[in-house]
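Participant: Residues per chain are reported as follows:
Protein chains: 2
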Amino acid sequence: MKEMENLCYGIAGLGLMGGAVAMALRSKVVSGPDGRILAHDIDREILAEAETVGLIDAGFAGAADMLSQCDVVFICLNPEDALAFMKNNMAAFRPGTIITDVTGVKRTIAESMEHELPQDLDFIPGHPMAGSEKGGFRQAAACSFTGKNYILTPLARNRPENLRFIRDLILRMGFGRITETTPEEHDRNIAFTSQLCHVIASSLIDCQDDTAITRFGGGSFEDLTRIAMINAPMWAGLFIENRNQLLFRIEQFESSLSGFKELISGNRRAELEKKLENVRCRRESMV
Amino acid sequence: MKEMENLCYGIAGLGLMGGAVAMALRSKVVSGPDGRILAHDIDREILAEAETVGLIDAGFAGAADMLSQCDVVFICLNPEDALAFMKNNMAAFRPGTIITDVTGVKRTIAESMEHELPQDLDFIPGHPMAGSEKGGFRQAAACSFTGKNYILTPLARNRPENLRFIRDLILRMGFGRITETTPEEHDRNIAFTSQLCHVIASSLIDCQDDTAITRFGGGSFEDLTRIAMINAPMWAGLFIENRNQLLFRIEQFESSLSGFKELISGNRRAELEKKLENVRCRRESMV
Numbered sequence: 001m002k003e004m005e006n007l008c009y010g011i012a013g014l015g016l017m018g019g020a021v022a023m024a025l026r027s028k029v030v031s032g033p034d035g036r037i038l039a040h041d042i043d044r045e046i047l048a049e050a051e052t053v054g055l056i057d058a059g060f061a062g063a064a065d066m067l068s069q070c071d072v073v074f075i076c077l078n079p080e081d082a083l084a085f086m087k088n089n090m091a092a093f094r095p096g097t098i099i100t101d102v103t104g105v106k107r108t109i110a111e112s113m114e115h116e117l118p119q120d121l122d123f124i125p126g127h128p129m130a131g132s133e134k135g136g137f138r139q140a141a142a143c144s145f146t147g148k149n150y151i152l153t154p155l156a157r158n159r160p161e162n163l164r165f166i167r168d169l170i171l172r173m174g175f176g177r178i179t180e181t182t183p184e185e186h187d188r189n190i191a192f193t194s195q196l197c198h199v200i201a202s203s204l205i206d207c208q209d210d211t212a213i214t215r216f217g218g219g220s221f222e223d224l225t226r227i228a229m230i231n232a233p234m235w236a237g238l239f240i241e242n243r244n245q246l247l248f249r250i251e252q253f254e255s256s257l258s259g260f261k262e263l264i265s266g267n268r269r270a271e272l273e274k275k276l277e278n279v280r281c282r283r284e285s286m287v
Numbered sequence: 001m002k003e004m005e006n007l008c009y010g011i012a013g014l015g016l017m018g019g020a021v022a023m024a025l026r027s028k029v030v031s032g033p034d035g036r037i038l039a040h041d042i043d044r045e046i047l048a049e050a051e052t053v054g055l056i057d058a059g060f061a062g063a064a065d066m067l068s069q070c071d072v073v074f075i076c077l078n079p080e081d082a083l084a085f086m087k088n089n090m091a092a093f094r095p096g097t098i099i100t101d102v103t104g105v106k107r108t109i110a111e112s113m114e115h116e117l118p119q120d121l122d123f124i125p126g127h128p129m130a131g132s133e134k135g136g137f138r139q140a141a142a143c144s145f146t147g148k149n150y151i152l153t154p155l156a157r158n159r160p161e162n163l164r165f166i167r168d169l170i171l172r173m174g175f176g177r178i179t180e181t182t183p184e185e186h187d188r189n190i191a192f193t194s195q196l197c198h199v200i201a202s203s204l205i206d207c208q209d210d211t212a213i214t215r216f217g218g219g220s221f222e223d224l225t226r227i228a229m230i231n232a233p234m235w236a237g238l239f240i241e242n243r244n245q246l247l248f249r250i251e252q253f254e255s256s257l258s259g260f261k262e263l264i265s266g267n268r269r270a271e272l273e274k275k276l277e278n279v280r281c282r283r284e285s286m287v
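For the protein sequence lines, the chains are D and G, in the order given. The opening residue of the first sequence carries number 1 in UniProt numbering; numbering runs sequentially from there. The opening residue of the second sequence carries number 1 in UniProt numbering; numbering runs sequentially from there.
Fair warning: there could be bad hints in the mix.
Which copy is meant is left open, because identical chains are indistinguishable; a pair holds if it fits in one copy or across any two.
Said to hold, decoys possible - Below are the SDA-like pairs computed for lysine to any residue, each with C-alpha atoms no more than 20 Å apart in a straight line:
id, residue 1, residue 2
1, 28, 176
2, 134, 268
3, 275, 135
4, 134, 97
5, 2, 121
6, 261, 284
7, 275, 229
8, 134, 222
9, 134, 281
10, 2, 26
11, 134, 273
12, 134, 223
13, 274, 42
Calculated from the structure, these hints are not laboratory results. These numbers come from a predicted model, not from an experiment.
Generate the whole structure from the sequences, applying the supplied hints.
Facilitator: Following this line, the structure appears as structure tokens:
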């Protein structure tokens with residue numbers, strides 16, 4: 001395989017994440033004379049914009065025209081669109097292409113590709129833990145990768161050298177820490193760190209109809225609800241797809257919340273203080 | 001009354017908030033030849049440190065020695081300590097002193113002072129909406145006032161010129177917006193924007209005993225739980241003192257959370273997406 005900086009990279013879906021991937025590739029990876037970044041999107045205006053500023057070398061309204069040229073492809077679509085895209089375009093990928101995705105739930109796509117993908121294509125499921133409450137290509141610059149987490153859920157069939165390549169590429173793009181795990185473990189943990197947090201933030205806003213309440217804000221409320229400026233279609237899809245794990249996490253959280261409520265309503269100050277002290281220690285040990 | 005920059009200011013309690021008040025007074029207010037900043041604390045080491053760096057002009061281990069010299073006094077103690085301090089030191093304040101506090105629950109202290117304070121003293125209850133998960137004097141520089149909210153819950157007996165003075169002083173110290181309201185309204189709203197958020201953050205940590213979960217973090221979990229690095233004695237006190245308002249807010253939140261749970265478990269994607277869209281709009285209208 002050619003050097004990382006001289007490959008042809010394709011991005012399917014030039015939204016917030018696709019745009020951020022393109023920026024990282026352009027600024028940190030694709031420096032060789034043969035290196036190219038191509039993108040496919042249904043929005044021709046965005047493609048033209050990205051081409052004009054030199055972020056991509058060429059834009060494609062049709063996926064197949066792009067895929068036939070790529071060594072590496074990032075699928076940067078919403079979960080259900082990503083799976084459909086893979087299935088519909090399987091014949092269009094070049095043999096030997098390394099494919100990865102960025103979707104927030106991994107079990108369905110990993111299982112499906114493990115069995116359905118032709119042997120000459122290698123799909124390595126991934127999840128960059130970066131994002132922004134502001135969506136779309138034009139916000140991509142606000143989505144920093146520097147030092148962020150990246151989760152990979154490799155398939156048994158992945159070729160070791162391709163997995164090594166993707167790991168190197170991710171680090172070169174600026175991410176700080178890669179965790180390899182199973183799709184099941186990913187979905188279980190992500191239900192907590194990501195989806196539960198979005199449900200909580202949304203519930204906090206849902207139960208407060210006075211928008212002038214921010215006169216009483218000191219930062220906590222603002223920090224807890226920033227992610228309530230949510231990409232509704234995408235998160236509704238993630239919640240539903242991962243609903244068993246998410247419901248389990250919501251119930252765990254509800255039970256902890258009940259515990260606090262009991263201590264507060266029972267006026268049990270000493271126990272409350274001790275519980276908060278434990279919380280403080282545990283949070284401080286999370287790095 | 002003399003000009004703001006030439007008054008003698010006293011700070012009772014040189015912790016995070018007392019230290020931040022001293023810094024704001026020093027850098028933005030007390031610029032005249034007669035202006036002075038005094039502080040009282042039980043920690044003599046902290047007093048010496050603050051004096052050495054020129055943040056305060058003099059430190060006092062005994063409250064009375066300081067209070068007898070002050071034109072304006074900031075009580076920067078935990079809620080129950082603040083009320084006890086006022087009661088125990090009433091005779092030590094100079095006649096005409098303007099007193100204010102920074103405690104996070106206002107009904108008890110406001111009611112108590114409305115009736116018990118001598119007529120020649122003026123207590124204006126306040127709540128600067130600023131803080132940090134890191135406590136103590138040595139973290140005071142991290143507690144910025146710039147542009148932050150400040151709530152005042154004036155007493156009927158407050159002299160209009162003193163209230164004007166405090167408002168001017170607060171703005172001079174860097175705060176961005178002052179809201180005047182009743183202690184009841186304050187406690188009702190703060191139960192939501194501040195206390196409920198701290199209970200939620202603490203519950204999120206309480207229900208997760210795997211401290212390596214942060215490998216799966218993408219920012220949301222970290223943002224939602226930063227305030228779980230909590231000052232346990234202070235917040236236990238605030239939760240208990242304001243428990244009726246807080247319990248009401250927790251129940252409102254639980255009910256919203258149940259609503260989301262129902263849509264997710266019922267696989268009701270379209271309704272879920274619509275609800276999230278409403279949440280997004282409402283949060284965006286909160287400024």
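Participant: Against each hint, give a clear statement of whether it holds in the structure.
Facilitator: Verification of the hints:
{"no.": "1", "hint": "28 <-> 176", "verdict": "within (14 Å within a copy, 41 Å between copies)"}
{"no.": "2", "hint": "134 <-> 268", "verdict": "neither (42 Å within a copy, 25 Å between copies)"}
{"no.": "3", "hint": "275 <-> 135", "verdict": "between (38 Å within a copy, 18 Å between copies)"}
{"no.": "4", "hint": "134 <-> 97", "verdict": "neither (31 Å within a copy, 49 Å between copies)"}
{"no.": "5", "hint": "2 <-> 121", "verdict": "within (17 Å within a copy, 81 Å between copies)"}
{"no.": "6", "hint": "261 <-> 284", "verdict": "neither (23 Å within a copy, 30 Å between copies)"}
{"no.": "7", "hint": "275 <-> 229", "verdict": "between (31 Å within a copy, 12 Å between copies)"}
{"no.": "8", "hint": "134 <-> 222", "verdict": "both (15 Å within a copy, 18 Å between copies)"}
{"no.": "9", "hint": "134 <-> 281", "verdict": "between (33 Å within a copy, 13 Å between copies)"}
{"no.": "10", "hint": "2 <-> 26", "verdict": "within (17 Å within a copy, 62 Å between copies)"}
{"no.": "11", "hint": "134 <-> 273", "verdict": "between (38 Å within a copy, 17 Å between copies)"}
{"no.": "12", "hint": "134 <-> 223", "verdict": "both (15 Å within a copy, 16 Å between copies)"}
{"no.": "13", "hint": "274 <-> 42", "verdict": "neither (55 Å within a copy, 24 Å between copies)"}
Violated hints, in rising order: 2, 4, 6, 13; the structure is consistent with all others.
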